[in-house]
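Number of protein chains: 2
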Amino acid sequence: MLEDIKKIADRITDVVKNDKYGKEIKPDYLREAMFDYPSRGGKRLRPALFFWCCKMCGGEELAGLEKCAAALEVWHNWTLVHDDIIDGDVMRRNAPTTHIALAETAGKKFTDTDAEKYGRDMALLCGDLQQGWAVDLLIRGGEEAKLAPSLILKMVRRMELRANVELISGEALDVELAEREIDDITVCDVMHMIDLKTGALFRCACELGAMAALGYDKGREFEKISDFALYLGRAFQLQDDVLGTFGEEKKLGKDIGSDLRERKPTVLLLKTLEMGDDISLEIIRNVLGRDDLSKADIEAARNAMVRSGAYDFVKAETERCFASALDALKYFPMNSGRCNLESLIEYLYSREK
Amino acid sequence: MLEDIKKIADRITDVVKNDKYGKEIKPDYLREAMFDYPSRGGKRLRPALFFWCCKMCGGEELAGLEKCAAALEVWHNWTLVHDDIIDGDVMRRNAPTTHIALAETAGKKFTDTDAEKYGRDMALLCGDLQQGWAVDLLIRGGEEAKLAPSLILKMVRRMELRANVELISGEALDVELAEREIDDITVCDVMHMIDLKTGALFRCACELGAMAALGYDKGREFEKISDFALYLGRAFQLQDDVLGTFGEEKKLGKDIGSDLRERKPTVLLLKTLEMGDDISLEIIRNVLGRDDLSKADIEAARNAMVRSGAYDFVKAETERCFASALDALKYFPMNSGRCNLESLIEYLYSREK
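Here the protein sequences line up with chains A and B, keeping their order. Counting with numbering that gives the first Met the number 0, you get residues 0 to 352 for the letters of the first sequence. Counting with numbering that gives the first Met the number 0, you get residues 0 to 352 for the letters of the second sequence.
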């Protein structure tokens, strides 16, 4: 599986770096920015889901399909470009975010210009361009793979449903959650947001792979694939939240405790507030939203999360989601596609140990 | 022609208001914002170009085509939503812009929230949703009109080229022009920007109409249609620039003199700087970028523009562009489509008298 995903990642990087879309884009720095995130690498989880679901449903390795897979990655990336503007993030995958990079390279070329605003404005347009690029890639890939034009149209519309309507709703709900009072937010609200923000694009990747293989877009296979993708997305996100407070900074490459500092309404936090005794609650309320968290504060918060039973609850829920994802795959015959998907679940599951 | 465009406008408003796209979008205020601009009306020039070019190329009035036409309007509108964020505009068609409206309706629901930023963030996502809606509408319209799926794919790709790559490049160049020193900008730079920012979507509308009628996407018809659309776009924009300084505030519903206040590098301004004598130059340089322009200042600037010969130059250029647009239509047989397009040119031409 790890070898396979490495190969897929290389193919995707190759496709996006050499793609001819938008040769005419001006100014040049905008065109270069469009290629930036998609060329930076990353896990390429969505293209892998596409290929493995295609294979699991009996699909062939058709030339062109890597463009369809790359379309999912480009889509994912434009949402990151716009997310980063909204969140004001400055780093992504060890390099400046698009709006920061454009402020530096383009914004500073002009005297009397607000370089930061210029960077944000150009990054906004950059994400817009990438959304179009993703659609164009999906169509060209489908045509090269000689899929039926009517099927390609269905694939584009599926992408607009899952990756536009649902994913952007998830992003909007996430932005909204950050503004709401934490006591008014339910676990159900957060799970719903996760299904949309993370699950919908996983689901899109899996469904498009199945559609490319099967030539149709409805039926029992799609219910099973939907279950698999949504449970995988939930498990992935619940785990991420646990690692965000309990992980090791070095391994994760991200700042431990930032969820607490930002009062991020994770299931882990909501469950602690729901299940915790008075002492746990006092500890948690004392650290939430504080900028000056010490290691001892984080350790105290961890203890409160464990003592309250929230930690075990989230671990058990994560496990249940991984198990349900695995269970959904049993509907399909065993082949290299299903095998890779099962190994992926194993691999992600062991990430937290 | 005027009666026909009124009918088209009503049909488009009907289509966008009742469209089922994105029923699932959350939060509700985001879904409502998505429908806002497209439901506000406006000239519906792009849908009219689509229908009339379709007719001129022998196309039938097929059910579904109004969705394709509406796709062009929705596309136009998402670019306005993002433009308005970039420009910080507060009003559009006599109502608050999307980001201002969302700041009011959504942002102010939360205590301690920066409502203006919240409005901008949600408007950013709103424009992203509208881009997907436009693609989905075009596909559904093509399918309802029973166009060949391979043709619909070509239409989507044409929209991604003209309305994404080219139009967004035009928007980016426009943002860039505003930051450059006026003496470093050439008339050629501005014309290039106009062809992309205004011409490309006109061209897209005309080409999609012709494709729906002809079933193919290349050939002499498309060269002629491209000439028509680009010249029409240039004439339209040059005229707009003249009206921006010489028009009547009441008729235009826009602030006369704002181009001077904002140092907008119009062809009219660049030509005045190029052709003006010392006195004209002094007058112009004195008013440029000033916030406190009096009516006398604007009158002085007008005189300088006329005296320098720039006014006549731009009027002649506008006339030449309208004539070239008219000339391109002569390639096509006379029918109601061509007749409406000719009347449109006449109508727009007489706008400045």
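The set of hints was computed from the structure by calculation and includes no laboratory data. There could be a bad hint or two in this list.
The list makes no distinction among identical chains, and a pair is therefore deemed to hold if it is satisfied within one copy or across any two copies.
[Claimed, not checked] Dumping the calculated BS3-like pairs for lysine-lysine here, alpha-carbon to alpha-carbon at most 25 Å: (1) K314 / K25; (2) K263 / K223; (3) K108 / K329; (4) K5 / K116; (5) K223 / K22; (6) K42 / K217; (7) K294 / K108; (8) K314 / K223; (9) K217 / K294; (10) K263 / K108; (11) K145 / K217; (12) K250 / K16; (13) K294 / K42; (14) K16 / K270; (15) K217 / K22; (16) K217 / K16; (17) K250 / K22; (18) K25 / K6; (19) K25 / K42.
Each hint, compared with the structure:
1. K314 / K25: neither (49 Å within a copy, 29 Å between copies)
2. K263 / K223: neither (31 Å within a copy, 57 Å between copies)
3. K108 / K329: neither (57 Å within a copy, 46 Å between copies)
4. K5 / K116: neither (37 Å within a copy, 40 Å between copies)
5. K223 / K22: Cα proximity of K223 and K22: across copies only (24 Å, versus 40 Å in one copy).
6. K42 / K217: Neither, since 29 Å and 41 Å both go past 25 Å.
7. K294 / K108: Classified as neither; 42 Å inside a copy, 35 Å across copies.
8. K314 / K223: Within one copy only: 24 Å inside a chain, 65 Å across chains, cut-off 25 Å.
9. K217 / K294: Neither way: K217 and K294 sit 51 Å apart in one copy and 66 Å across, limit 25 Å.
10. K263 / K108: between (37 Å within a copy, 19 Å between copies)
11. K145 / K217: both (20 Å within a copy, 22 Å between copies)
12. K250 / K16: Neither way: K250 and K16 sit 28 Å apart in one copy and 50 Å across, limit 25 Å.
13. K294 / K42: neither (30 Å within a copy, 61 Å between copies)
14. K16 / K270: Classified as neither: same-chain Cα gap 44 Å, cross-chain 42 Å, threshold 25 Å.
15. K217 / K22: between (37 Å within a copy, 20 Å between copies)
16. K217 / K16: neither (34 Å within a copy, 29 Å between copies)
17. K250 / K22: neither (39 Å within a copy, 41 Å between copies)
18. K25 / K6: neither (33 Å within a copy, 37 Å between copies)
19. K25 / K42: neither (30 Å within a copy, 29 Å between copies)
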